[in-house]
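> Given chain A, work out where chain B should sit, using these hints.
Protein chains: 2
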Amino acid sequence: MANAEIIAVGSELLTADKIDTNSLWLTDQLNALGVEVRRKLVVGDDRKLLAESIRQSLQNADLVILTGGLGPTEDDVTREATSEALGRGLVFRQDLLDALLERFQRLNRKMADNNRRQTFLIAGAESLPNDRGTAAGQWIDCEGKVLMLLPGPPNELQAMFTGQCAAKLRGKLPVRVIRIRLYRVAGMGESDLDQLISPVYKPYENPVTTILAGAGDIQIHLRAHGETEQEAEALLAAVGSPIEELLGDRIYSRDGSNLETVTGGMLRAGGATLCVAESCSGGLLGGRITSVPGSSDYYLGGFLVYSDAMKTRLLGVDAELLRTHTSVSEEAAKAMATSARARTGSTFALSVTGEAGPESQSGAPVGTVIIGFAGPAGEPEAATYRLFGDRNGVRARAAQWALDYLRRKLR
Amino acid sequence: MANAEIIAVGSELLTADKIDTNSLWLTDQLNALGVEVRRKLVVGDDRKLLAESIRQSLQNADLVILTGGLGPTEDDVTREATSEALGRGLVFRQDLLDALLERFQRLNRKMADNNRRQTFLIAGAESLPNDRGTAAGQWIDCEGKVLMLLPGPPNELQAMFTGQCAAKLRGKLPVRVIRIRLYRVAGMGESDLDQLISPVYKPYENPVTTILAGAGDIQIHLRAHGETEQEAEALLAAVGSPIEELLGDRIYSRDGSNLETVTGGMLRAGGATLCVAESCSGGLLGGRITSVPGSSDYYLGGFLVYSDAMKTRLLGVDAELLRTHTSVSEEAAKAMATSARARTGSTFALSVTGEAGPESQSGAPVGTVIIGFAGPAGEPEAATYRLFGDRNGVRARAAQWALDYLRRKLR
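These protein sequence lines map, in sequence, to chains A and B.
Using my numbering, the letters of the first sequence map in sequence onto residues 1470 to 1880.
Using my numbering, the letters of the second sequence map in sequence onto residues 1470 to 1880.
The following block holds chain A by itself, in its conformation from the complex:
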């Protein structure tokens, strides 16, 4: 495989708060082209140090990508540092100036003098037009290696790489076909999942398997490369098929869709509607359901009943039931779902109650979460879970578990 180094330029990227996210996006793109990233650097707006870093990276790698430092102001030093590193001059380009002047005219603004700095190319470089900003990129062939200067703003960089650089790189690199599979999994912890499937994927370097875990939501990425599509697909199947068999219906999505979108699609397909009654999740479940555009097709709304008094006052849950069983009980969850369904007239109702912490109010251990469910057929149901995390981790998992409960009921 060919290899690359990525240099992010800008003193703001050397603070405690700022992350260089461009290199993550570029790594994904490069991997998909069969290029491995060997090293990443972040360098401040320091011409001498940047020039030295460029020289070092060109010694190490086939491809060096610089991001940022192509702006109009004096602290943007990528052009000058590259010129110094390669020992090549900067050349004024009338066509770049014309394009800039035309851009400013179109926006009805006057071009500032310092934008002229953006009309210079490294001698021998090819200009990469930027239709989203003033900084043109540059593609520089040097002694069998490639050096790219790309703008820092992610939307400009991504459009330029996707629209221009990827095709040019593909022409230079040995052909590798990349195929990807993605599974999303709910209802189990990351370490349990990894213990289950690691014997399957660990023996393989190709495909590369990556596991990303959020609160109760796990993504498994498989990425295989081969000389032909058949080879890549066969490698994917060698790892993917046994994983699918092991996980069964815990896999809720194969196209990247999240759980609120998947369950929303099931409700829409069945012509059904949904309401919620939330206690410990406090609105997070409703918030997730309504994050999907068009969710008003199947989602009606619901009740935030944070106190026992509100469970009785807004939902009519029997105060005696709450005293006997506490609000963190399957009885309470069933009563909440039943009443929310009756009061909204929805087909299905989900309820969430539990102890998110830091202290227990009901006596149930912190992390206890109960999901209730009511529908047109059968008795209301409830299930008790012991979820992991701090207060907001438990709350986020409670919403995820509720959506997964619904998914399994609708299946």
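For the record, the hints were derived by calculation from the structure and aren't laboratory data.
Any given hint might turn out to be false.
The list makes no distinction among identical chains, and a pair is therefore deemed to hold if it is satisfied within one copy or across any two copies.
Subject to a maximum C-alpha distance of 20 Å in a straight line, what follows is the list of computed EDC-like cross-link-like pairs (lysine to aspartate or glutamate) [stated by the list, open to error]:
hint, residue 1, residue 2
1, Lys1671, Glu1659
2, Lys1637, Glu1612
3, Lys1671, Glu1714
4, Lys1671, Asp1486
5, Lys1878, Asp1718
6, Lys1614, Glu1595
7, Lys1671, Asp1545
As the structure is a prediction and not an experimental result, all values here were calculated from the model.
Just chain B now, with coordinates in the frame of chain A:
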């Protein structure tokens, strides 16, 4: 100021998903000691490339910190690469082996053979004990510069740096006192804020001013360093006082507290209670309010009324009013707040209705959000905003604007 380079070691940090967060934490710590970070690198588990990177960084900086690659397995190459870069051998240390054996005995586990790799130090290095893991750190003085090898797991690295390295560094560095101010601001956009305050902070390199923006929530960090506390405080005041004057009561917090905590504190102090009625925010407002531990002291719950039918059915909002004014109207927002307050018996009620997009349902432009408010005194109120962002950006800002509306009413 002294300067540093940070090298994160590990091939897993060169994937599209993994971020080197240790360098962010270390940057914060180093800045607080008056040390500037000049460059950051991420290098895979490649001994030769790592050795070369260490040599280069030692040429550039006073202080070089390596994180990771100190584990027991063959792919952990930080010790060998450092040995190669410095031209110093690795020395077996019986005391490190004794400590490891004692650790395993305490945990009632057998030490694996490859843990012996962790008992070797660079010749001349000082060992940094690790009470949270098996990887001892190393402090290496070399020709007036300092090289530190620290473990990769954040909890081990942080305990080692805070407990051992910071004090040793302080003894080596010129004394710098660091003082910090933090403002959190609501109710204005980032570019408006920056336009307002940049003439104040731009002329100063010390304090360093950093502006972090979330959805409608802006943090302004000022960090000043000086030889004495008085000098640092005077520098902070020179920038902070005019900023406070310009922003006035848009500053809602000076101690880092978020808006749900600040408004919660105001409600608790006044012995008041709150309920919500959410349409386009769909639960996000309730979710934020209940993210604060102890919010049940002042928060009752509320209504998720996503459709017009639910606004009438759950809250009794007049269907004729919704037909005449649409649900995205100040009339609807006021009726929602008034009814939610009556039905829950709370002191105050907040309502949110609007058009989050992608398409408008009511005819109001996407981004239109209306906050309603009802309390014990005076008529219900409402205010209309035009918020920025995609669907979930508008929804997140709607919750933020509602909390800020409440804050200004309670003030």
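> Give a verdict on every hint.
Each hint, compared with the structure:
no. : hint                 : in the structure
1   : Lys1671 with Glu1659 : within (16 Å within a copy, 46 Å between copies)
2   : Lys1637 with Glu1612 : within (17 Å within a copy, 46 Å between copies)
3   : Lys1671 with Glu1714 : within (17 Å within a copy, 59 Å between copies)
4   : Lys1671 with Asp1486 : between (34 Å within a copy, 18 Å between copies)
5   : Lys1878 with Asp1718 : within (12 Å within a copy, 50 Å between copies)
6   : Lys1614 with Glu1595 : within (14 Å within a copy, 42 Å between copies)
7   : Lys1671 with Asp1545 : between (44 Å within a copy, 17 Å between copies)
When the structure is compared with the earlier hints, no violation turns up for any of them.
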